[in-house]
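Enquirer: Spelled out from the first residue to the last, the chains are:
Number of protein chains: 2
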Amino acid sequence: MTTNFFDVKDSRNLTMLVDFYELTMGNGYFFNDVANKTAYFDMFFRRVPDGGGYCIMSGVQQLIDYMSNLKFSKEDIDYLRSKNIFNENFLNYLENFKFCCDVWAVPEGYPVFPNEPLVTVKGPVVQAQFLETMILLTINHQTLIATKANRICRAANGRPVMEFGSRRAQGYDGAVYGARAAVIGGCSSTACTIAEEMFDIPVSGTMAHSWVQLFPSEYEAFKAWAETYPDNCTLLVDTYNVQKSGLPNAIKVFDEILKPRGLRPKGIRIDSGDITYLTNKCRKALDAAGYEDVKIIISNSLDEHIILDVLNQGAKIDGFGVGERLITARSEPVFGGVYKLAAIEENEEIIPKIKISENEEKITNPGFKKIYRIFDKASGKALADLLTLNDEVIDESKPLVIFDPIYTWKKKKLTNYFVKDLRIKIFDKGNVVYKSPKVTELRDLAKVETEKLWPEVLRFENPHNYYVDLSPNLWTLKQNLLQKLSDDYEGNN
Amino acid sequence: MTTNFFDVKDSRNLTMLVDFYELTMGNGYFFNDVANKTAYFDMFFRRVPDGGGYCIMSGVQQLIDYMSNLKFSKEDIDYLRSKNIFNENFLNYLENFKFCCDVWAVPEGYPVFPNEPLVTVKGPVVQAQFLETMILLTINHQTLIATKANRICRAANGRPVMEFGSRRAQGYDGAVYGARAAVIGGCSSTACTIAEEMFDIPVSGTMAHSWVQLFPSEYEAFKAWAETYPDNCTLLVDTYNVQKSGLPNAIKVFDEILKPRGLRPKGIRIDSGDITYLTNKCRKALDAAGYEDVKIIISNSLDEHIILDVLNQGAKIDGFGVGERLITARSEPVFGGVYKLAAIEENEEIIPKIKISENEEKITNPGFKKIYRIFDKASGKALADLLTLNDEVIDESKPLVIFDPIYTWKKKKLTNYFVKDLRIKIFDKGNVVYKSPKVTELRDLAKVETEKLWPEVLRFENPHNYYVDLSPNLWTLKQNLLQKLSDDYEGNN
Numbered sequence: 001m002t003t004n005f006f007d008v009k010d011s012r013n014l015t016m017l018v019d020f021y022e023l024t025m026g027n028g029y030f031f032n033d034v035a036n037k038t039a040y041f042d043m044f045f046r047r048v049p050d051g052g053g054y055c056i057m058s059g060v061q062q063l064i065d066y067m068s069n070l071k072f073s074k075e076d077i078d079y080l081r082s083k084n085i086f087n088e089n090f091l092n093y094l095e096n097f098k099f100c101c102d103v104w105a106v107p108e109g110y111p112v113f114p115n116e117p118l119v120t121v122k123g124p125v126v127q128a129q130f131l132e133t134m135i136l137l138t139i140n141h142q143t144l145i146a147t148k149a150n151r152i153c154r155a156a157n158g159r160p161v162m163e164f165g166s167r168r169a170q171g172y173d174g175a176v177y178g179a180r181a182a183v184i185g186g187c188s189s190t191a192c193t194i195a196e197e198m199f200d201i202p203v204s205g206t207m208a209h210s211w212v213q214l215f216p217s218e219y220e221a222f223k224a225w226a227e228t229y230p231d232n233c234t235l236l237v238d239t240y241n242v243q244k245s246g247l248p249n250a251i252k253v254f255d256e257i258l259k260p261r262g263l264r265p266k267g268i269r270i271d272s273g274d275i276t277y278l279t280n281k282c283r284k285a286l287d288a289a290g291y292e293d294v295k296i297i298i299s300n301s302l303d304e305h306i307i308l309d310v311l312n313q314g315a316k317i318d319g320f321g322v323g324e325r326l327i328t329a330r331s332e333p334v335f336g337g338v339y340k341l342a343a344i345e346e347n348e349e350i351i352p353k354i355k356i357s358e359n360e361e362k363i364t365n366p367g368f369k370k371i372y373r374i375f376d377k378a379s380g381k382a383l384a385d386l387l388t389l390n391d392e393v394i395d396e397s398k399p400l401v402i403f404d405p406i407y408t409w410k411k412k413k414l415t416n417y418f419v420k421d422l423r424i425k426i427f428d429k430g431n432v433v434y435k436s437p438k439v440t441e442l443r444d445l446a447k448v449e450t451e452k453l454w455p456e457v458l459r460f461e462n463p464h465n466y467y468v469d470l471s472p473n474l475w476t477l478k479q480n481l482l483q484k485l486s487d488d489y490e491g492n493n
Numbered sequence: 001m002t003t004n005f006f007d008v009k010d011s012r013n014l015t016m017l018v019d020f021y022e023l024t025m026g027n028g029y030f031f032n033d034v035a036n037k038t039a040y041f042d043m044f045f046r047r048v049p050d051g052g053g054y055c056i057m058s059g060v061q062q063l064i065d066y067m068s069n070l071k072f073s074k075e076d077i078d079y080l081r082s083k084n085i086f087n088e089n090f091l092n093y094l095e096n097f098k099f100c101c102d103v104w105a106v107p108e109g110y111p112v113f114p115n116e117p118l119v120t121v122k123g124p125v126v127q128a129q130f131l132e133t134m135i136l137l138t139i140n141h142q143t144l145i146a147t148k149a150n151r152i153c154r155a156a157n158g159r160p161v162m163e164f165g166s167r168r169a170q171g172y173d174g175a176v177y178g179a180r181a182a183v184i185g186g187c188s189s190t191a192c193t194i195a196e197e198m199f200d201i202p203v204s205g206t207m208a209h210s211w212v213q214l215f216p217s218e219y220e221a222f223k224a225w226a227e228t229y230p231d232n233c234t235l236l237v238d239t240y241n242v243q244k245s246g247l248p249n250a251i252k253v254f255d256e257i258l259k260p261r262g263l264r265p266k267g268i269r270i271d272s273g274d275i276t277y278l279t280n281k282c283r284k285a286l287d288a289a290g291y292e293d294v295k296i297i298i299s300n301s302l303d304e305h306i307i308l309d310v311l312n313q314g315a316k317i318d319g320f321g322v323g324e325r326l327i328t329a330r331s332e333p334v335f336g337g338v339y340k341l342a343a344i345e346e347n348e349e350i351i352p353k354i355k356i357s358e359n360e361e362k363i364t365n366p367g368f369k370k371i372y373r374i375f376d377k378a379s380g381k382a383l384a385d386l387l388t389l390n391d392e393v394i395d396e397s398k399p400l401v402i403f404d405p406i407y408t409w410k411k412k413k414l415t416n417y418f419v420k421d422l423r424i425k426i427f428d429k430g431n432v433v434y435k436s437p438k439v440t441e442l443r444d445l446a447k448v449e450t451e452k453l454w455p456e457v458l459r460f461e462n463p464h465n466y467y468v469d470l471s472p473n474l475w476t477l478k479q480n481l482l483q484k485l486s487d488d489y490e491g492n493n
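Protein chains in written order, with the working numbering: chain A, 1 to 493; chain B, 1 to 493.
Treat the hints with caution; some may be incorrect.
If several chains are the same, the list does not tell them apart, and a pair holds so long as it fits within one copy or across any two.
[Unchecked claim] Derived lysine-lysine pairs resembling BS3-like cross-links, with alpha carbons at most 30 Å apart:
1. Lys438 / Lys71
2. Lys411 / Lys74
3. Lys316 / Lys412
4. Lys223 / Lys478
These are calculated hints, taken from the structure and not from any lab test. Please read all numbers here as calculations on a predicted model, not as lab measurements.
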């Protein structure tokens, strides 16, 4: 498939998928004559789910689709008017809404880290504020699933992982865009048919237990399947009893239906029982029957931990079907991305803003910023990310000293490095200036970029904390703002 | 709002949101000339999430929308043809697809229990099988969220619970249909604007921290808000410091802007910090300033446990905004509903089918069944549910003996009872014959029906196991099938 059916399949107008307070604030900005003040908002997250070392950025193309199609229908305006709290000049603005923000984002597939501005919006505060709900919803969801899929695929250690979770997803988009994110994270295919139509990602699937039950016997069910799909025959062998029934029936059907035609069966699937024990028994029996090339596929409430465990026990597995624990990121199903005001403009000057908190790690990084990823020239490995103010340029010919933003005496002097500006502009004054690559290309990109991280960062448990440091300028700006706010309170009280 | 914007807002064709194996099986049914064999499938779940005592059925209206709109476009057919595995007679069937199944379901809002057939489909196996993915996806998602919302709302003990989770939902439908399910479960409102347009459920919202940050000072931000919304003024008081700044500024603005106009403020919201401590301080200060009627709203990673805990500690709270832990059912984000073949017809006779498993609790209940809920006439309380074969009628004038399906000596003789056939028919030969009530009516229904359960079943922890028993006919049928299957294996080996 090369056609992209996106426009056919998802023609919804999601403009009104917005927290109501974005609208009451928008109305308030108008009422107080600040609607067109230029604001900078950052989207970022504070910790990696599952105690992992990094996340995989995902969802940018859907953000672009959303921002490109912002439009309030007449019905939307009528509905808002019926609330009797919105002023007519605000409603007129919405009715004639013309998106005009600048937007930057880390491209999909890149490993990303806590406190990095993954998306930055610059524009009239009434617009930049409005985007909050959908930026968070889109990036939080897809980055969560891509990150979980990446863990599961790394555990599978090169074996294909098929995404099988639609039926347990949290809603239709959970299934469809979840499948997309799962493939970016590393899955080889999805069972979700519409996802292939929409995103041109490979679809796969075998049979259900109900197929086996529908026929008078398992043998007849297998025979019917082999006759239907002689070129691509994978049999589900655990409907009744793998060893006593499923496996012998499968081998019998392979022998009787496929062998005489010179065809090789593709595989067997096991969806229940003791994986290590059964796969070893099956492997032995298949090999003895001359089916050394027939794959054994496993699917039963799998996640990265179970996969690591059964492989470690010596289970004989060629591929995994992973459902509910991937598509819902069951072990940690919330990605806590936030969207915070970083600066406003007054008289064309950028005034940085900070959000303080009694919880120190919730204090934001102020100002209009940039992310540089610093690579070691010799190994090509990523050494650290450095947040700077937007106009800062790094001179790669000179040594670079980075330091921990809390324990500032912890310094590191970098030489023989090069830097990459991690973000790309996706909207310029409201016009799209970027298109994400194909999903399968993003999967390849994610693999390449992840391999640039040190093994210590890739660990499943207790990974090394990748450095995300602040430039001296940004660090000083932040400290000054914190000092000033602290002084204000002491003065006030 | 009385208009339902559903058709405007969700005009997607979700027909192709289907696991690919439903299609390969469908093609196989045609190839093997069994596509029009009549099959009965049941959707049911095996355990209540979070160790609770019951679930709240939700999602039936979306099932109806889906089944009413099944249609394969020319592009879908072209796409399927391009896979080179589907026969033309199957593709022709899909191209001219005409839904013709009978479907029964428990209406939304009812408490439901493990192993009950919540949805039953009767129809040609090619159609009944096809529905699997979307029946599970729809009911699993909404029942999960309605059930979680019901727990959270019961913990709030009469105080309103506002659904605030869109930004952390798993995809757009996770937000939109999640908001719908949350209201069925008991939430008073949602922040998700489009959900009000689509389902006519109340929307609510206040302000974000960014509103406060945008203005030169918190006082000016509050003043601007009060000027904009003098009739409906709720202020977010934790942007800088609740006690030193937010609370005194709020009271000052209430005094200066609202009091002179004879208007009462609505409330304050606290989104961080020590809830019990801060709400007590705020309540005291508000009362002292003459604002005894001003509500204190709390929102910060809440769930039923934290709500029970802070209320138990004496926190002064009038309402809750609940986000990520509700909209993702974070503590247990997967609802494990399954869809299993229960019977087929041969020569117009129903042949019951059973799915066995080494895990005894995974063995299905065979046959075409009915759910009776048995109520005590004196108290009106629900005593038990009884699964029977579809043609069984209970004579309420006679005592009814029910028994545990495992420990069959545990019996109970019921007198002075009445029964209710719990399911309704939603499709008759492919035509819709039911429409769900309004979402707010479903919320009322859920409240009424939940109150018919004994307090022991309503417990948050270790609830009493509500009885879901089998009629003697159904029990005997199941035992006979199990005996036969067991004998088959011993004979085979």
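Enquirer: Are any of the numbered hints broken by this structure? If so, which, sorted upward?
Expert: Going through the list in order, the structure violates hints 2, 3 and respects the others.
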